[in-house]
Amino acid sequence: MTFDPATLSPHARAKYIRVGTHYSSHDTVAQAGATLLALAKHAPQLIDYGFSQTDALLLEQARDALIAGEVTRTARTNQLRRDRRAYADAIHQAKHHRAAARTILLAVTTALRADGAPEDLERLATTTLQQTSRLPRTRGLALQLHAHLALLLATFQTPDITTAALYRGGPAIVTALAVTLTTLTTSLEHRSENLSSLEETEHLNLLDGIIVTLARQARRAARHAGRALGTPVIADAFTLRLLDNPPRKPVPPKPTPDTTAAPPPTAPASSAPSTSSPSSSRPSTSAPASRRSPPNEASDHP
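Numbering (UniProt numbering), first residue to last: 1 to 302.
Note that these hints are calculated values from the structure, not bench results.
Note that the Cβ used here is the ideal one computed from N, Cα and C, for glycine as well.
The reader is advised that the hints may include incorrect statements.
Simulated restraints on C-beta separations [to be verified]: (1) T158 <-> T201: 48 to 54 Å; (2) T126 <-> Q79: 40 to 46 Å; (3) P5 <-> R227: 31 to 37 Å; (4) Q79 <-> T7: 45 to 51 Å; (5) L229 <-> L37: 17 to 23 Å.
Can you make the complete structure from the sequences, with help from the hints?
Here it is as structure tokens:
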């Protein structure tokens with residue numbers, strides 16, 4: 001029995017998609033496998049705590065549908081890469097044959113003018129050269145190349161121009177233009193068919209959300225069952241390690257500095273200039289500690 005998303009209500013579908021956008025399908029598939037493996041041993045103990053056999057069946061169906069969807073998307077991605085390569089080759093071929101056809105048509109125009117061909121014939125060749133003179137760089141390049149090749153091919157298939165180009169590479173360029181037009185058309189069709197659709201992405205997010213929700217529900221039921229039955233091993237079997245704590249690549253330890261190495265040489269200290277005032281460099285003029293008292297200004301004798 002396969003999973004049918006039509007059985008879900010719009011509200012449940014939107015909620016599952018919202019949950020699933022935060023997880024990769026690689027992690028959800030692995031978690032679904034781990035939960036289903038635990039259910040194979042402990043499913044009967046979880047029934048009385050909110051996780052039924054219907055929930056287990058839905059989990060298995062979502063896991064299988066997600067694996068199938070990822071296989072389909074991987075195949076589509078590989079095909080898209082091949083088509084991109086073919087598309088790039090077709091663009092390269094178209095540019096080359098367009099330039100070659102214009103070179104030949106320019107030579108034919110010169111020959112028609114020299115031979116005195118009718119003006120309408122010369123005007124046809126000149127108009128074709130003018131209309132195929134420029135190409136867009138990116139946007140619309142393939143469609144514009146397709147239009148240029150078709151116009152050049154139609155011009156070369158005009159009887160008088162076919163005759164004038166007979167010995168100037170005309171037959172070979174007509175064949176090359178026809179083949180390149182077919183290749184370019186096929187590449188454009190495959191390029192539009194193999195684009196990943198929004199519906200496909202939403203479907204995978206829906207399955208991711210269902211698996212995450214059911215795995216959490218089984219985890220809650222297992223924890224309550226383990227407490228009630230006194231068997232914590234049940235809760236341990238339903239861990240969400242692959243969802244909540246995905247394994248990470250170990251970080252290499254930082255290198256420790258070598259303490260045995262000699263310290264780097266230090267620069268010699270430069271003598272700082274004296275910041276003392278000029279007066280400090282003069283000899284001291286202070287009086288000595290023991291000095292004679294000055295003579296009396298008035299004598300004791302008359």
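Check each numbered hint from earlier against the structure, then list the numbers of those it violates in ascending order.
-> 4
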